[in-house]
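Fit chain B to the known structure of chain A by using the hints.
Going line by line, the protein sequences match chains A and B.
For the first sequence, this note's numbering assigns the number 1 to the initial residue and increments by one for each residue that follows.
For the second sequence, this note's numbering assigns the number 1 to the initial residue and increments by one for each residue that follows.
Quick caveat, the hints were computed from the structure, so don't treat them as lab data.
It is possible that some hints are incorrect.
Copies of the same chain are indistinguishable here, so a pair counts whether it falls within one copy or spans any two.
[Unchecked claim] Below, computed lysine to aspartate or glutamate pairings styled on DMTMM-like, alpha-carbon distance capped at 25 Å:
1) 264 with 137
2) 191 with 37
3) 74 with 123
4) 191 with 202
5) 265 with 55
6) 131 with 73
7) 128 with 181
8) 150 with 134
9) 106 with 73
10) 74 with 178
11) 191 with 146
12) 191 with 88
13) 265 with 284
14) 128 with 25
15) 269 with 151
Below are the chains, spelled out letter by letter.
There are 2 protein chains.
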Amino acid sequence: MKSVAYLGPPSTYSHQVTLQRFPPDQYTHLPCIQISDIFVAVESGKTDLGVVPFENSTNGSVVQTLDLFCDREKSFPSIKVCGEAYLDVHHCLLGHPRQSNGEISKDTVSRIFSHPQAFGQCEPFLTKYLKGVERVDVSSTSKAADLANKDPSAVAIASSIAASVHPDLQILASNIEERSDNTTRFLVISKATADPSSIENDDKTFMTFTVHHEQPGALCDMLMVFKEFGMNLTSISSRPSLIVPWNYIFLVEFEGHQDASHVKKALHKMNKYCQSMRVFGSYERGLKRDKRLDG
Amino acid sequence: MKSVAYLGPPSTYSHQVTLQRFPPDQYTHLPCIQISDIFVAVESGKTDLGVVPFENSTNGSVVQTLDLFCDREKSFPSIKVCGEAYLDVHHCLLGHPRQSNGEISKDTVSRIFSHPQAFGQCEPFLTKYLKGVERVDVSSTSKAADLANKDPSAVAIASSIAASVHPDLQILASNIEERSDNTTRFLVISKATADPSSIENDDKTFMTFTVHHEQPGALCDMLMVFKEFGMNLTSISSRPSLIVPWNYIFLVEFEGHQDASHVKKALHKMNKYCQSMRVFGSYERGLKRDKRLDG
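Okay, chain A solo, but in the shape it has when bound:
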């Protein structure tokens, strides 16, 4: 049975997408404390696969994950990307039964625990029902549910499955997020990349690169190669290189499989324009509707 590492503790959104994508009758699941632990688990061979949050449609990039892919210390030479998965994120307000007599009121709630991203996504609900109540930032929505479970006057913003693991908590309100299209994209990492999918143009490739600091327009030259070979960009981000200040590592995802001949030619041509590059592998598109950065 193959094993999958995810960002725990159990009942996080990472756990939810892992259960969907890698059913527990076929995979064993390993909760990790930090995203870096997932990279370590895969690199060391402790698990076969890892599921890491990459970006949220409302909040943008997950910076810790970007930094791990930058791999400045070369700690993860074997890590590849072999898949992606999307999760529709629906937040619940979890609390104690006595808090739900009638409607949700700030009179029965002393504080709200959640992750900063979740607070950001539920602003209108909080303003309407719990304005002025103290908010406590914690490291995961799962941890938030844990803390609310121990405090009869507190509530948490967390996933619906967090209610099922805490018998003292119940769902006081569902779908309290502002946007109904709130989606998180996860990447699946392993030591092997994926074969081309059977459907044409259904693969994407993930890579990082740095450009020569002294060569004007080098970033533009790199992006031109993508255009020349018809490889649409689906994601671009950057992080400090930490070699010299204000020098960046770019993280790019594009349409096409690394084994396709036009992609091979393009990657070869890119060598001219970049200082360093690393291709993390190809995988089948996880979302059937179009996600393109530039068209």
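Frame of chain A, contents of chain B only:
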């Protein structure tokens, strides 16, 4: 006397750069609780200027600031960028006199307060001297000093000026950050942009744009215009547009003043390739050494 809003409370790094750039004998200073309050203060005319953190050479972009420049709700139609300022960030360990008898030891420290970015920047020091001591994330290094001041067994990672405003605290260790080149870049906002500087090629311009979702290669076409007109990029970032998922607003800074004829021509040409664009104005380069994204 002109007034400047900054991210308070007093003794933050934002305060420090504001004091350097806008001396208190010439400007009144208004501390704000959140970065959005600085935008509101300038837009409403409550202050003439605002200083907002934009990026750190170690940690990258300040996402809250990027989102405010995205201005999705059109709340800040008058905001322009009229300057930039750099601050060398040096962290101190602040604590109580009895904790400094001899060397710093985890036996005399129950917990460490700081901002998550500061913890990230002092990892080797913390591992060496305070391994395993509880860390408490708070919203600013200034707040961290405040909390340590009230708790005789706690310490804080904060600026040296935070020690001067808390008489019970003293500097237990200085320059505890990992990288000596740890720098934060701030932008200065106002309702007016700056005139071209007297030195040629010493101005930069800040703008945001979105590209047509349906037009392949539109981002590349936009970047080509910068190259064609010799306008080097010095910064590029993106944030979710929040119009449809996986559609982005790009935030770009380039060399050149918006009143220069080649920049005017380039901006005119860009209109073809983007769905929307907003030029936030031009300002003199704050750092005399070269900071170029792509050359």
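I'd like to know which numbered hints this structure contradicts. Please list them from smallest to largest.
1, 5, 9, 11, 12, 14, 15
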